[in-house]
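Trainee: Assembling the complex is the task here: the two chains are given apart, and the hints tell you how they should meet.
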Amino acid sequence: MPRFHLDKLRTGDGEEDEYRVREVTGLPAWGRDAALGIVGRALPRVEGPEKVTGRARYAYDVRLPGQIHARVLRSPLPHARVRGVDTRRAVALPGVRAVLSAADAPAMEWYDGSALFDRTVRFEGDEVAAVAADSEDIARDALALIEVDYEPLPFVLTLEEALRPGAPRVRERGNVAGEPKVYRRGDVDAALAGADVVVDEVYTTQTALHNCLEPHGCTATWDGERLTLWDSTQAIFDVREEVAAKLGLPEHRVRVIKQHMGGGFGSKQVAWKHTVIAALLARRAGRPVQLMLDREAENLAAGNRNATRQRVRLGATRAGTLVAIVAQIEQAGGAYMVGGEGSNTASIYQTLYRCANVHTEQVTVYTNTGPAVAFRAPGHVEGAFALESAMDELARALAVDPLELRRRNHATEDQRRGRPYTSPDSLPLCYDRIVEAFGWSRGGRLAADGPRRRGVGVAAHDWGGAGYPPGYAWIKLNADGTAEVVTGTQDIGTGTRTGLTQIAAEELGLPVEQVVLHLGDTGTGVYAPVSSGSATQATIGPAVRAAAAEARRHLLEAAALMLEVSAGDLEIREGRISVAGAPDRALGVADVTRRIAPHMIQGHGARGPNPEGKAVRTFGAQCVEVEVDVETGEVRVLRVVASHDCGRIVNPALVDSQVFGAVTQGVGYALTEERVVDARSGVVLNANLEEYKIPTVADVPAIVHARLDHPDPEANSTGAKGIGEPPLVPTAPAIANAIFDAVGVRLRAVPLSRRRLLDALAGRA
Amino acid sequence: MNELATGRLTVVLPVNGTDYPLALEPRRTLLDALRDDLALTGTKKVCDMGDCGACTVLLEGRAVYACLLLAVDCAGRRVTTIEGLGGDRLDPVQEAFIRTDALQCGFCTPGQILSLRALLDTTGAPSDEEILRAVTGNLCRCGAYVNILRAGRLAAELQAVRGRSAHAALSPR
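Quick note, the sequences are listed as chains V and A, same order. Letter by letter, the first sequence follows residues 1 to 765 of the numbering used here. Letter by letter, the second sequence follows residues 1 to 173 of the numbering used here.
Bear in mind the hints are in silico, worked out from the structure with no lab data behind them. Note that the coordinates shown come from a computational prediction; the quantities given were computed from them, not determined experimentally. The beta carbon of each residue, even a glycine, is placed where N, CA and C say it ideally should be. Keep in mind that a hint or two might mislead.
[Unchecked claim] Per the computed footprint, the stretches of chain A lying under chain V, defined by three or more beta-carbons under 8 Å from a beta-carbon of chain V, are:
| # | segment |
| --- | --- |
| 1 | 21-33 |
| 2 | 44-50 |
| 3 | 71-81 |
| 4 | 127-136 |
Only chain A is shown next, with the shape it has when bound in the complex (with noise of 0.2 Å):
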C-alpha cells in the first residue's frame, strides 16, 4: 500500500513565473511542495486542512487554500505564493499592510495579502464589504483584523495612485 503511496509522478509545476519539473507522490499537497520541494517557506502550514487560510495561494490569478489541493493536480498552472509578488518595489497589498500595521505576529499575513490581491485583480475600487468578505476565510490569531480591513482600503488606493502615474508615464503629453 505504501509502495503505491510513495510512487511518483513527474510534473511541471510552474511557480512564480519559473517551471519547476518534480517528481512528486500523489498525495503531496501543493502546499507541502511549496514548502518542502521548493523552500517556498512564506506560504504558511496552520491547519493543513481548509479551516485557516493560512496557505492561501493564487491558482491562475484566483486564491486557494494550498493545503487542499493536490501538487500534481497543479500541473502546468499558473502559480503564485507571497515571494511572487512585489519584486524591485513591494505590491501595493504589501506596503499597504506595512503602513497601517496589519500584522502582528505575520504568521496569517502572507495569505492575508494574496487573498486581497486577488480581490484587487478583480475589483480595483472595492467596497468595504468586498475587502471584509475576501478575507472572511483568513484567520489572525492576533487579532490584527481592524487594520487588515484598513490595509484593504489603502492597498485599493495605492493601486489606483500608480495605476494612475503608470498610465500618466506612459501617455504623451
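So that you can see chain V by itself, here it is in the shape it has in the complex (with noise of 0.2 Å):
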C-alpha cells in the first residue's frame, strides 16, 4: 500500500495552516539499462480487432430499449436577447416525448454566471432548447417549429473589435475575461536597450475547429435516482462531479462510461451542457436519451483554439545569446470560459530558451463567438509559431544557422522556479537526431524548378507532459493465473488500454495476454484524472506499475511457501516463478493462484510525487521541407523529420502513430484550417467538414520520427513521459521557415494560406 505523509505547505515566508497527502511507493524506477521484455516492444493495440469489425462501442453507439434521440436548438445570431420561446407546437408533434428551454429548465449556473439556457445567447448556436423524441428525424421537425423571440444585440467578432473602446459587451462586465497574466524576471528594457539585434514582429493565429470525428454527446439513462451516462468525455470523473453537484445527486448515483471515444484533442475535457440537457430529457421522458451533437453544432458550440495575436520582441548579442524576451499576447476566448486546462500561449516564452530577461502579458477577451477550450497543446501550439518564427527572423538577422542558434540558446533548467531539469540534455539530443536523419545544412539552396522552389526550416519546444498525482489502481489476480488492471482513466484513442498493459504485465512477469486492462467507468474504476496534458501514460503508468508489484510481492510470497525458499530467491518471467539460480525449482502463476483459490491475490498502487526541487518535462524538434509554387501559392509539404523526447518509450508503434497524427494535424493548423466568420451576420460560413479543411490523405507529406528513447528515471518509475501533443507544436512554424527559405518571405500569420503568401510575393502586406 501507498504510504501516507502529511506536509506542512510552504507560500513565500509563511508556513500554511494546510496538509496534503504524498502517496509514496518506495518502488525503484526502471533503469536507464534496465532489460525489460514487454515494454519497449511495439505490441499491437489490445482494442485493435474491437474498431476493425466495428465492435467497439462509442457513445454515439449506446443502443438502450426505449432509447429516444434528443436534438438541440442553437441561436442563430451571434448576440441577442431571448424575449420569449413558445415550444407548443414541438410539444404536440407526434413521436416528441420531451421538450426543454428556458422556460421550464431548472435553474442552474453555468460557464461564469450563465444559466443552462439563457435568456442572453452570446453565440451562433449558443443552446435556447431541446428535444427528445422518437427519432433524430423527429427531434429535427420539432426544432423547427419552436417559435423564439430575438431581440438582436451589438456584437463583437474580434480580438480587434473587442478591444476597441466603447465596444459591445460580450458580458456584462466588460470583454477582458480576468486579469491580465503578467510574468517579468530580469529587467528587458535595459536589456532590449542593450541588444545588438531586435526583432519586433507581431503574429497572429487563427481559429482552429478540433473536429473529432465522434461529435460530442452523451446517452443517458436513469434507473430510479441512479443517472448512468455515456459520455464522449476525455475526464469521466469530472462529468460525474460536476453532473452531480448540477443534478443535486450524491456522486455515487451518478456513474460516467466511456470505453472508446472518437477523438477528443483536449476539446472534451469539461463537462458541456448537453450532458445535463440529455439527463434531464432523459427523467422528462422517462426514457434513456442520446443526444449527439451535429457536425454544425460540434463546430459552432463544442470549442475551438483560440485565435492570437502576438508582439514578440526578441533581443540577441551579436554572438547570438539571447538578451531580452518580451510578447504581449490576446487571446480570442469566445463567448463563455468554459474551464479545463487553459491556454497559455505566454509559456513557452517563459522556458524555451536561456534568457535572463523577460516580460509576458497575456489577456484573454470575449467575443460572440463559440468558447475556446483545450486543443492539443493549448496555448503552446500558437505560441510557438510566434516565439519559433521570430527565432528564424532573429537567425537571418545575425546570419546564424536556424539550429545554431537555439542550440546556443539551450535551457538546462525550468527558469521560472529555478529548478534544473530531469533530462536537460534531451533537447540537444533531439536536434542530433533530425540533423542526422534530414540532412540539415544551410546554404546551397535547391535549384528553382520553374515556379516551383524549395525550402527547408526547423523549430522546437518544449511542454509538460510529466504526469502528476494523484491516480490509482489495482490489480486482482484470477485463480487461473490471468491479471486484471482496473483504473478509472480514459483511452481517448492514443492508446492508454495498450501502453498500461504493458506496463503491468512487466512488473507482473505475464505474458501481455494475460493481462487485461478495465478503464473509463467511475462505477468500477478508482479515480485518475483527465485525460489531458499528454500526461495519462506518466501519471497512470506508475501507478499501475505500483499496484502490480504489490501483487507480484504478494504472488512471490506465496510461491516461496510452496517451494520452501525465501520469495527474495524467486523470480518471475512468461508466467513462471523460479528459484534463482535453480530454474528446474519452478512453478506456474497459475499453480499458485489455483492452490490460493478462492482467495485472491491483489495489488493496490497510487501515483507518487514528481521529484522536489526539479522540473520534468519534455522537449522536440522538426525539419520540414517545402515546396512553394510562385505563380499558383501553393504550398506542399514535403517531408517532416520529428524527433521528440518522451522519456522511456513504452510501445514505439504507438508513438509513431501520435507523431504522424499530431504533425498531420499542424500541416493542417499550418497551411489549410481556419473557421470562417461573416462580419455583417457574425454566422460561421465553414462549420462543416467540406468548408473548414483539415488533411486528407492527399495532404500528408512523409514523416519520419526519428526516435528518442531516453528513458527518465528521475520523472517517474517506469522514466516515461508524455508524447500526446507534443509533435505537433513546432511544425507550423517550422513550415513557415521554410516557406521564408524557399521564397524570401515571411509569412506572420497562420494558417499560410495561398492567399496571404500571393500577396506577400507581390509586394502586397
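Mentor: Given below as C-alpha cells:
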C-alpha cells in the first residue's frame, strides 16, 4: 500500500495551516538500462480487433431499450436577448417525448454566471431549447416548430473589435476575461536597449476547430434516482462531479462510462451543457436519451483553439545570445470561459530558451463566437508559431544557422522556478537526431524548378507531459493466473489501454495476453484525472506499476512457501516463477493462484509525487522541407523529420502514431484550417467538413520519426513521459520558416494560405 | 406535411447476407436505418452530408456513403457493413490495420477498411496511387494516414498470400 505523508505547505515566507497527501510507493524506477521484455515492444493495440470489426462501442453507439434521440435548438444570431420561447407546437408533434427551454428548465448556473438556457445568447450556436423524440428526424422537425422571439444585440467577433473603446459588451462586466497574466524576470527594457539586434514583429494565429470525428454527446438513462451517462469525454470523474453537483445528486448515484472515444484533442475535457440536458430530457421523457451534436453544432459550440495576436520582441547579442524576450499576447476566448486546461500562450516564451530578461503579458478577450477550449497543446501551439518564427527571423538578422542559434540558447532548467530539468540533455539530442535524419545543412538552396522553389525550416518546442498525482490502479489475479488491471482513466484513442497493459505485464512477469485492463467507468474504476496535458501514461503508468509490484510481492510470498525458499530468491518471467540459479525449481503463476483460490492476490497502486526541486519536461524539434509554387501560392510539405523526448518509449508503434498524427494536424493548422465568421452577420461560414479543411490522405508529407528513447528515471518509476500533444507544436513554425527559406517572404499569420503567400510575393502586406 | 414524411414504406434490406424486412420513412437514410433500425453501429455517423466517408459501406460491392442514400432506395440491394467483413478470421484489410497501427480513435476505421475492401475486390495488386485514391474520401482526424497507406499495401499482400494458400489447399498434388 502507498504510504501517506502529511506535509506542511510552504508559501512564501510563512507556513500555511494546510496539509497535503503524498503517496510514496517506495518503488525504485526502472533504470535507463533496465532489461525490460514487454515495455518497449511495438505490440499491436489491445483494442484493435474491436475497432476493426465495428464492435467497439462509442457513446454514439449505445442502444438501449426504449432509447430516444435529442436535438438542441441553437441561436442563429451571435448576440441576442431571448424575449420568448414558444414550444407548444413542438410539444404537440407526434413522437416528441420531452422539450426543454429557458421557460421550464431548472435554474442552474453555467460558464461563469450564465444559465443552462440563458435569456441572453452570446454566440451563433448558443443553446436555446432541446427536444427528445422517437427519431433524430422527428426531433429536428420539432426544433423547426419552436418559435423564438429574439431581440438582436450588437456584437463583436474579433480581438480588435472586442478591445475597441466603447465596443459592445459580450459579458456585462466587459470584454476582458479576468486579470491580465503578467510574468517578469530580469529587466527587459535595459536588455533590449543594450541588445545588438532586436526583432520586433506581430504574429497572428487563427481560430481552429477540433473536428473530432465522434461529436460531443452523451446517452443518459435513469434507474430510479441513479443516473448512468455514456459520455464522449476525456474526464469521466470530472463529468460525474459536475453533473452530480448541477443535478443535486450524490456522486455515487451518477455513473459515467466512456469505453471508446472518437477523438477529443482536448475539446472533451470539460462537462459541457449537453450532458446535463440529456439527463434532464431522459428524466422528463422517462426513457434513455441519446444527445449527440451534429457536425454543425460540433463546430459552433463544442470548443476551438483560440485565435491570438502576439507582439514579440527578441533582443540578442551579435554572438547570438538571447538577452530579452517580450511577448504581449491577446487571445480570443469566445463567449464563455468553459474551464479545463487553460490556453497559456505565454508559457513557451518563459521556458524554451535560456534568457535572463523575460516579460510576458497575456489577456483573454470575450467575443461573440463559440467558446474556446483546450486543443492539443493549448497555447503552446500558438506561442510556438510566433516565438519560433521570430527565432528564425533573428537567425537571419544575425546570419546564424537557425538550429545553431537554438543550440546556443539552450535552457537546462525551468527558469520560472530555478529548477534543473531531469532531462537537460534531451533537446540537444533531438537536434542531433533531426540533423542526422533530415540531412540538415544551411546554404545551397535547391535550384528552382520552373515556378517551384524549395526550402527547409526548423523549429523546437518544450511541453509538460510529466504526469502528476493523484491517480490510482488496482490489480487482481484470477484463479487461472490471469490478471485484471482496474483504473478510472480514459483511452481517448491514443493507446492508453495498450501502454498501461504493457506496464502491468512487465512488472507482473506475465505474458501480455494474460493481462486485461479496465478503464473508463466511474462505477468500477478508481480515481484518475482528466486525460489531457499528455499526462496519462506518466500519471497512471506508475500507479499501475505500483499496483502490479504489490501483487507480484504477494504472489512471490505465496510461491516461496510452496517452494520452501525465501521470496527474495524468486524471479518471475513469462508467467513462470523460478528459484534464481535453479530454473528447475519452478511453478507457473496459475499453480500458485489456483492453490490459494478462492483467496485472491491483489495489488493497490498510487501515483507518487514528482521529484522535489527538479522540473520534469518534454522537448522536441522538427525539420521540414517545402515546395512553394510562386505562381499559384501552393505550398506542399514534402517531408517532416521529427524527434521528441517522451522519456522511455513504452510502445514504439504507438509513439510513432502520435507523432504521425500530430504532424498531420500541424500541417492542417499551418496551411488550411481556419474557422471563418461572416463579419456582418456573425455567422460561421464553414461549420462543416467540406469547407473547414482538415488534411486528407493526399495532403500528408513523408514523415520520419527519428525516435529518441531516452528514459527519464527521475521523472517517475516508469521513466516515461507524454507524447500526445508535443509533436504538433513545432510543425507550423517550421513550415513558415521553410517557406521563407524557399521564397524569401515572411508570413506572420497562420494559416499560411495561398492568398497570404501571393500577396506577400506581390509585395502586398 | 409531417404525416407525409412519417408515412412508412415496407422494404427488404439485405445486409451482410440477411434479409431484413423494415417499415421505413422514405426520408430515412441508409445510415440511420443501419444504425437505428438494425443496431449495426459499426457504420459511423460523422458529417451526415457526404464530406467525410465515415459511413462508407459496400452497396452491391461498391463503396458508397450511407448518409447520402435513402434506405428505401436500397431495397433488395446487397449491403455489406463492417460487421459483415471477416468471420471466423479477420479480413486481410482488418488484419493489416491492426498490424500497421492504422488507427487511433478508430472512428473512421470501418469506413477506411470498406473503401480498401472495395478496391481489393476489383484490383488484387493495387498501386500506391490506387490505394491513396481509394481512401481520399475518408477523413481521419487523428492523422493515421501514413499507416493507412501502409495497411493498404499489407492488405493486398495478405490477400495474395491467402489466395495462394487457398488455391494450394484446393489443388490436387
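Trainee: Give a verdict on every hint.
Mentor: Status of the hints after comparison with the structure:
Interface restraint, the segment 21-33 of chain A with chain V: holds (4 residues with C-beta to C-beta distance below 8 Å; minimum three). Counting residues of the segment 44-50 of chain A whose beta carbon lies closer than 8 Å to any beta carbon of chain V gives 6, which reaches the threshold of three, so the coverage claim holds. Residue count for the segment 71-81 of chain A with a Cβ under 8 Å from a Cβ of chain V: 1. That is fewer than the three needed, and the coverage hint is violated. Residue count for the segment 127-136 of chain A with a Cβ under 8 Å from a Cβ of chain V: 3. That meets the three needed, and the coverage hint holds.
Of the hints listed earlier, the one the structure fails to meet is number 3.
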